[in-house]
Every structure is written in structure tokens, then in C-alpha cells.
Amino acid sequence: MYGLDIVGPIILLMSAYVLQTLQPLIVKLLIDFVGDNYEYKWHGYIYTVLLVLTNVIYSFCNAYSYEIFNTMGIRVKSCLTSAIYRKALVLSNDSKRLTPNGEIVNMMTVDCQRIIDYLLYPPLLFTIPIQIGLAVFFIWQQLGVAAFVGLGMMIAIIPISFVLTVFNGLSKQKQYELKDNRINLISEILNGMKILKLYAWEVPYMAMVNNIRNRELRHMLCAGIWFTITLALTNALPMLAQLATFGTFTALQGGDKINAQRIFVSVSLFNLLNISIVILPFALNSFSLIYVSLKRIDDFLKLPEHYNYVTNNYNKQYAVSVNMATLSWIGSQNDLQTTTTTTNINTTTTNNTNDNALTDINLDIGKGMFVAVVGGVGSGKSSLMSALIGDMELIGGSINIAQGHSLAYVPQQAWIQNATLKDNILFGKPYDPIKYRQVLRACALEPDLHQLVGGDETEIGEKGINLSGGQKQRVSLCRAVYSDADIYLFDDPLSAVDSHVGKHIMTEVFDSRTGLLKNKTRILSTNQLFVLPDVDRIVVLKDGSVSAIGTYEQLLSDNREFADLVAQYSAISSQEQQQQDYNHNKDNNNSPSTAPTDGNDQQLVTTTNITETQLIDEESVESGHIKLSVYLKYIRSSTVPLFLTFIIGLMGTIGCLMGTFNWLSKWTSDIGNGSKTSYYMGIYGALIAAYMLLTMVALTGLISGARRAAHQLHGQILTSVMHAPMSFFDTTPLGRLMNRFSRDLDVLDGQIYEYLYLYFYELLTLIAGLINISVLTPLFLIPLAVAIVIFLLFQVFYINTSRQLKRLESTTRSKIISHFEESVNGLSSVRAYQCSERFIREIEYRLDANQKCLFPNVLATSWLQIRMAIISNLLIFFAALFAVLSKGGLTGGSIGVSLSLAITLMPSFENLIKSYILIENCIVSVERVDEYTKIKPEADWQSTVELPANWPPNGSVRFDGYGTRYRPGLDLVLRGIDVSIKPREKIGIVGRTGAGKSSLTLALFRIIEPAMGNIVIDDIDISRLGLQELRSRLTIIPQEPVLYSGTIRSNLDPFDSYTDSDLWSVLEQSHLKQYVQSLDSKLDSPVSESGNNFSVGQRQLVCLARALLRHTSVLILDEATAAVDVETDALIQRTIRQEFSSCTVLTIAHRINTIMDSDRVLVFNDGRVAEFAEPDVLLANKSSIFYSLARDAGII
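For the sequence shown, my numbering begins at 9 and goes up steadily by one.
By construction, these hints were calculated from the structure, which means they are not laboratory data. Virtual Cβ for every residue (Gly too), placed ideally from N, Cα, C. Treat the hints with caution; some may be incorrect.
What the hints assert, rightly or not - Here are the simulated DSBU-like pairs of lysine-lysine, each with C-alpha atoms no more than 30 Å apart in a straight line:
id	residue 1	residue 2
1	K375	K526
2	K202	K1081
3	K182	K49
4	K443	K324
5	K443	K430
6	K182	K375
7	K526	K443
8	K49	K674
9	K944	K635
10	K860	K202
11	K375	K437
12	K375	K550
13	K303	K860
Stated by the list, open to error - For each label pair, taking beta carbons as the anchor points, the in silico distance ranges come out as:
id	residue 1	residue 2	range
14	P541	K443	25 to 33 Å
15	D307	L229	42 to 50 Å
16	S988	K437	34 to 42 Å
17	N331	R846	27 to 35 Å
18	R992	S1069	20 to 28 Å
All chains should be modelled from the sequences, with the hints used to inform the complete structure.
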């Protein structure tokens, strides 16, 4: 594809390097001209023009090649990024297990960028041999056989340099592997930050990240050591070769045979030869780094893809036909220890590779039928939904969706995009206002729009962060209903909503008589058994197989297990009430024409009271010069002594380099004194030794400082992010944070010290060289002053442009990462709705926006190269011209030093600015990292308050005039709360959407801080405590269960504080012991990313086990049993009553029946306490809010 683009620039590079090799020969002619008093003066002018002309052609060829290769690099990066994204959308389950999201992000950001960074070097492998051959030939012409001594030394260094490069590459490769591990872990931490804070687990997870980071930096230091040795050796190599060559020449020919012409032409040729030999290992190393990145990408692109086993054959009778289907979450029967699923798939998976999630499923669903799927936790309900959309691996049998029938899918854990509420519902479909309103009303979402200032144009944060669990599920339901599909798959959407809302949805959406989908094929996986009398058919699953199929009446009379299940549910809520008419009359708080709202208001108020429709601000982009404080921060992070060691060592290095040129000039002026040859060579050798030593000292200081700075800055941003309040994560996309932890920190880990060395080396060399030339030819100061002024003007134009383009590029890169994270999190929905192409177009649109910043930067660099070439060539012209004009006044040695330095320094102007902007680009990363080290933190984790070891011993909780808001500038979500809860009291907390129930929970854990009043637990004001002290003494079972990659043990006990017997005991109490014992590694069985190898119900049971393990005196249940079946719910409730009988228990519920046995019920309305009394007392008052909630739920 890029063949012609590669061949043309390579030919130009070859031509450029041939011309560059001819420059020392022109210098020879000029030195001969100066020493020959009889040669015509116009010959000198011709030589001067030839010298400049070869440099001009070389510069233009080089600049054009740079532009072509960098443009090609941008295209390659874009193609690879798009290919990686496309591949991520079609990965099989096994492949997903092998490549966590963090690793894929690393490939998109680090590996693809590395190809651009190093793409310029591999083409030099074609040009370097030509330059080496020509240089060797010309040196042989100057020095005869002695040339081969120096040449032999340089060739002998090549394998050593290559070995050092290989070691450097191996260290880098290990560093990248550890970087992948770190990014994966950070990705999981950021995704589950709220749970991490509720459990006070920040410290152990920070320790895990820092442990990986320390190992990563050890390999960075190793790579730096190999880099130091390689650079010191290769930089000193031409001088060592010159020493050996000149020594051999004088030994063979005598000291009087060597002259200025031979020395300085040979020095120039050796320098060119050295450039090639120095670049050669870098080119090979760059080739190896590109190979490593391409290999990683290639291995990823070759991973097995998701195979769509669902056929679409014509079937007149059945919409869905499943024939003897056996399915698994793993693609082959191998020794896999764990399996993973695509995000949002709720599975039942074991580590036993001989077990299948679903076995011998036979199921025919007629067109327009309403089918319910029921079963216990782990029975395979969610797996069946996933099987029908093609997300599993088909082991045997077949699944057919009737030809022409489209699918809509509602996952158990709702997937919400970072877009407006309307866009989340439309999901790419055309806007039909009538249909849109019907859907909102049917899904009970219309009242929520009135609470949003922006209505349906309100921006929803990542993962629906500013919506309640019920609202997210209803938005997901709206999306499905609006899609107007033929077949609908609902994976327990009713578990996240109130009972009365569930019944409204049943009537308005599902019901075969009154629902919007009455003529559609509907398959509903559910634990809400009240819907069963109204479905056409019921499928009962047990252990991954169909145990019964029939109508409600048939199964009730013929299937004992089903009858027991219904009887158990009826014990909680009478069957007669469950079958009542769903069109409830509302109390005075709810008009008859208004759809009900769901009572789960978790984090709702962040949207309810938002004053603008936009939640996520555009990423801030600095402008103008990078502040001096950013540079100083980096220097302080690397420590000033180490930085000074680098600067002083480098100054000594350049002093030695200039000393070698001047010493050679002095030697040539004393040619006739052959007895001093050994003296001159001895001093020359000492200067070379000092040069090598000081180079290693300088690089050791630089790399040690860079490692320390990388360690410090990573530690600071990690600490800052972990200490950030939850409001920060509500308004900051994950992609922005991941961009800092991946690409920006990668720059600090590897590139910055290379660019710092290059910049200061070029700067000091340029200063010293220009001073040297000016001393020899004072007239040179005039054009030099003019050149410096022009140089500074060009620098201002270029640096300001390039710096801002780099900032914009970093910002647009964050949007690419955010879209990727969002896509893979909703992969099941993307596949089910068959909208992969739309998502691919979106990533390509964002890639185009990123390229709009990259390509102008390439053009700006080419612009700079041409202008710097003009300045450099003018300086060479004047250096040569003044040499010609000074004929007879300067020695050949002085002319040789002047012209050799002028040619050597020619690229330095360009390299100086390029290296400076590269440093600035790196400092932009420091600036971006530094931005997130200054996040306003939440309260201190520890306090000076001395707490008893068993605090809180009793569990009394008191709210005194308490009020709070989610973020500064928002309205109060709780106000005037005066409540006293007695020790060991069981409190049920209810209320309609936006009432403030979950806000109370967040207040107890100080996820949100008080705006007024206080909370007192066992006579201690919790605002006086450190957050870790407080949160570690309370226990919560959250509504959305989160597991982290690791093991079952680490998910239960990350501090390693409990014994195995303790862990087995809580697993038994949470009804997971039998399952965990069936796993090969028991407690050490792996948990995949986000716990995707466990069903949602199993994850919820793990959260219960965590609570049982902590066993504090205060327990908060945030609708903790929503994702489990009735039988398991009853077992959990019994376990909670038994194990937490001596604890204070606060239960937030949207299923009223779960809190009917509470000592008292706390009813919230509009952020205030509306009612607080015993359930019987509240039910006796027919005008109470609680009475209306109980009536809507069918309890009375």
C-alpha cells in the first residue's frame, strides 16, 4: 500500500547522504587552496559555492523525506488504530480474556504512536551502507592502509553496540508488559472507584499499582544503563578510531607525513562514518521497537474472532428456534482457568472447562409470543439471552432467528453512553416526536424529564453516572422499545425498578393486550414472578438446562419446583394482589395521568438539580508558553543535584570535544617536530578518555533523575486521583484519566531523557563551536549575529505552533480512548442492535480530528527544516568565504577546524529547535499530568481522633439538622434531616425518585459532605473522623456489585486480614461455598476483568460475603437483592436477619415487601423526612406516602 511512498524518499535519502559524504572532499580542496599561494582566488569562491550547494541539496532532500515518512506514519497509525478498534468489536470470549481493555488502550495509544516516533530510522538501514562505503574509500585515499585500523575498530564496535541495543530492547519489552498490567489495573480501579471508596480499599489497590510501577521503573533504569553505555561508546568511537589511525599512520609513514589536510579531512570523514555507525544501532533498535509494537498489534489482530452462529433462515411459524443447542463462554475445551465475557454480559461460568453454560436447549418461540425465562442464581437465564444475540460459543446444535427479524436487547446492567438522554434513547434512529413521547410514557421516564433542567437534552455522564439505577434501566428500555425491532430480549430489567413502576412497564410495554410491544416477540428473563400469569409461555432453567416449558397454569399444576417457587413468592406478596389490574390509581402526590417513577434515586440529584444541560466540560487546553513552574516541577521531581550532575557532566563532555579539535589544530601547526607525536597523541587519548567518562557521568545523572521524576509524578497523580471526591469522577471522562496514565506517563518513562540529552548536547556544542569559529575568524560574528536573530524569530513561530498542536493532539486522543472504552463496555448492545458500522464511523471521525493536529505539526517541522537549512548554509558559506578571504593569514589547521566545525554544526540549529520542541511536547505531558495532581481532594483519610477498636460498638445513628449537596453550586439534595436511629434498629428507607434515599447513604460514608448540620454515630461526629477510619467501620452491600480482577480471595480480603476458615464461613453464609468449592483453585480461583466470569447474582453474593466478613455494627443495604431470584432473596434476607441481628441495618428499598419487617420506616420526599414510624402505624394512615407506595406495590 505504501510501496511507492517508501521507495521515493529512500532514493532521496541515498542521494542526500552521498552528497554529505562529498563535503569533506570539498573541505580538502579549500585547505589545499589556503596552503597554495599560487592557486587562483576565484577557485576558492567556486569551492565555497560547491560546499554550500551540496549542503542545500542535502537539506532539501532530508526535509522532504522527513515529511513523507511522517505523513505515512500518521496514516499507518490511523489505519492501525482503526483496525484495533474494529478487532475489539469482534473479539471472541477467549480473546477478550487474553486482552483486557487496558492492554488494548495501550496498543492504541503507545504502540501506534511508537511507530510514528521511530519510523524515520528503519529507512536509514538502506542509506547507511552507502555512506559507510564511500567514507571508507575516501579515508583510505587519505591515509592508506592505516585507515583500516580505525575502520576495524569501528566495525568491531558494531556487534557490541548491537548486543547492547538488544539488551536495551529486552528491558523495554519487559517494561511495556508491566505497563500493560498497570494500565489494566488502573482501568479497573477507575471503573469501580465508588465501590473502592465505600469499602475504604484505596490503600491496598494503590500498593498493587505502585508495586507494578516500581518493577516497571526498574526495567526503565536497566534500559537507561544500556543506553548510557551505548551512547558513550558510539560518541567516542570516531575519536578512538582517529587516534588509532593517526598513530598507525605516523608509525608507518613518520610524524612529518601527517598534515592538516589529512587530519581534518579524515576527521570529517570519520565523523560522517561515526554518524552512520551511531545511527545504525539506533536504526536497528528502532526497527526492533517497531517490530515489538507491530508484533503485539499483529498478535492481537490474529486473535480468534466472535463467530456469529445465529442463522437467519426463513421460518414462517417461529421467530426464534433453538435446537439441541449447547453453548459455553469458552471457545475450546482447553486448560483455561477462567473465562471472560464481553462487557455487559451477565453469565454463569465456571472454571471447569468440561461444563457448559447451557446444555441441550430446545426452544421454539412463535412470532408475537411473550415468553418469560425464570430460574435461580446461576441457572443460565442471562446466558440464554446472550446466546440468542450470538455472544456465546456454540458447541453443538443450532439457533435461528427468523429471516428479516431485527433484535433489540436490554442487558441486566444498563449500558448508557456519554451523550444526551435523547441520543441515548434514539441510538442513531430518526427522531419521531409522537413515537418518542409514547415510549417515554410507556417506560415511566416522562416524569423524570420534568426534573431535569435540560429535559432530554441533559448530558448523561459516562456509564450513566448522574442517573439512578432505575433510571438507567428505563433509558435502556426506552432505547429498545424505540428501535421498533421484531424480537425483544429483556434481561431482567424489572429488578432495578420499584414494584409499581415494574407493573406500569408490564402493562404499558410488555402486556399482550395493552403494551406497546403487544404484537412483537418478547423474551423476558426475570426474577419478578408477578409477570408470569400474563405471559404466553414460561421457560424454567436449572443448571444450564431447560427443566420445564409451559403456560403458567400448566407449570403450576404439573411442575413441583415451579409451584414451590411461586408459593415462596406468594408468601412475600399475595398472588391475588400480584394479578390485580396494573392501572393503579395514584394518591394526591401522583396524578392519574402521570406515569409512576422509580424509587431508586442513587445519585439522581446530580442531574435533578443541575443548572446546565452539559455535565462533562470540554477538556481544558492550556495556551501560550508552558509555565516555568512546570519545568521546575520536573526538575524538582528529578532532584536538582541529579540535574546539575547532568549539566556539569555534559559541559565537561563538550569541553573535551572542543579540546580534541583544538588539539588537532595545534598538532598540525607543529608537524615538523616528529619527536612530539607521542606527546600529542597521549593528550589526545586523555581527552577521549575524559570525554567518555564525563558522558557516562552526565547520562547517569540524567537517567537517574528521569526515573525519579517518572516515579514521583506517577505517585503524585495516582495519589491525587485516589484522593479525589466522587464528584470529580462524575464530571471527568475515563478516557482523560487513562490518557494521562498511559501515553503521557509513557513519554516521561522513555522519551524525555533522550530529548533532554539531545537538546543540551546540541546547545552546548553549538555555543562552543560558534565561539571557536568566531575566535579563528572574527568577521564570522557579523553573519552569526544576524543568523541568531532570524533563528530566534523562526523559533518563536515554530515552537508556539507546535506546542499548541501537541496540546490539541493530546486532547483529541482522550476522546478516542473514551469512545473505545464506551464501545467495549456496551459491546453486547452494539452487536445486538447491529450498529457496529456507526460506531466505527464515530471512531474514524475522532481519528480524523486527531490527525488534523498531527499533520499540521509535520508541515510545521518541514517548514522549520527548510529555513534552518538556509540559515545553516549561509553560516557555512560565510565561514568558507572568510577562510578564502583570509588566505595567507590562517594556517591550514585553523581553516580545517573552522570548516569542520561549521559542517558539523550545520544540523545543530535545526536539531536544537526540534529537540527543544520535543522536550516541550514531553513537558506538555508533564503539564497534563501535573493538572491532575492538583485535584481538590476529599477530606483526610486519617484523623487525630482516638477511636476504640470496636467503634461503633452500638450502632446508634443521629442526623442533626443535616443537609448536603452533590457539588458546589448545586441545590441541597437533603435538607433539615433530624432523625435518631437506635442501636440495633432495623430501618427501611423508601421514597419516590429524587426523594433523597441513596443520598442519605452517600452522606453516611461521606461520599458527599455536609453543607449544614452533622451526623453522629455512637456519640462521635463523623465529620471529625478520617474517611478511611469512617468507611472501614461501616458496611454496605451496593446495588451494583463490582468485582476486580484478581482472585476470589483478593476480592473478599484485599488486606489479607482473615484466615481461610473465615473466608469459607462467609461464603457458606452467602450461599456461594458450594460453587467456589467446585472451582479448580478454590479461593484462589481467578476473577476476570470486572468479574465478568460471574453472573450478576453471583457478584451480588460476593458483596454479601464481603459484608459478612467485615461485620461492623452498621450495615447499609442498597437494594442488594435486586439481581437474585426469589429463593436466593429469601435465603439472603434470612442470613442478614441472623448474622446482623445485633447490628443497625439501614435498608434502601424499591421493593416495599423487603422492608415490611423493619422496626421503623423512614420515608423521604423532596430531600426531607416526610414520615418516620413503624410500618403498621404508617399503613394505618391512608393519607401517608408510605401507604400510597405500599398500595402501588400491591402490598395492601
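Hints, verified against the model:
At most 30 Å may separate the alpha-carbon atoms for a hinted pair to count; K375 and K526 meet this at roughly 11 Å. Distance restraint check for K202 and K1081: the Cα-Cα separation of roughly 27 Å lies within the 30 Å cut-off, and the hinted pair is therefore satisfied. Taking the CA atoms of K182 and K49, the gap is about 62 Å. The hint is violated against a cut of 30 Å. Distance check on the hinted pair: K443 and K324 sit about 29 Å apart at the alpha-carbon level, within 30 Å; holds.
A distance of roughly 13 Å separates the Cα atoms of K443 and K430; the hinted pair therefore holds under the 30 Å criterion. With a C-alpha separation of about 56 Å, the suggested pairing of K182 with K375 is violated against the 30 Å cut-off. In summary, the hint linking K526 to K443 is supported, as the alpha carbons are separated by about 15 Å, within the 30 Å threshold. Between K49 and K674 the CA atoms are separated by roughly 26 Å; this keeps the pair inside 30 Å, and the hint holds.
For the hint linking K944 to K635, the alpha-carbon distance of about 21 Å falls within 30 Å, and the restraint holds. Distance restraint check for K860 and K202: the Cα-Cα separation of roughly 36 Å exceeds the 30 Å cut-off, and the hinted pair is therefore not satisfied. A C-alpha spacing of about 24 Å is found between K375 and K437, which places the hinted pair at or below 30 Å, so the restraint holds. Of the pairs offered as hints, the one joining K375 and K550 holds, with about 25 Å between alpha carbons and a cut-off of 30 Å not exceeded.
As the CA atoms of K303 and K860 are separated by approximately 28 Å, the hinted pair is consistent with the 30 Å bound. Here the CB-CB span from P541 to K443 is close to 29 Å, well matched to the stated 25 to 33 Å. Restraint check, D307 to L229: a C-beta distance of roughly 27 Å breaks the suggested window 42 to 50 Å. In this structure the hint that S988 and K437 lie 34 to 42 Å apart at CB is violated, the actual value being about 52 Å.
Checking the proposed 27 to 35 Å range against N331 and R846 shows it holds: the Cβ atoms sit about 32 Å from each other. Range check, R992 to S1069: about 27 Å between beta-carbon atoms, so the 20 to 28 Å window is met.
Going down the numbered hints, you'll see the structure goes against 3, 6, 10, 15, 16, while the others check out.
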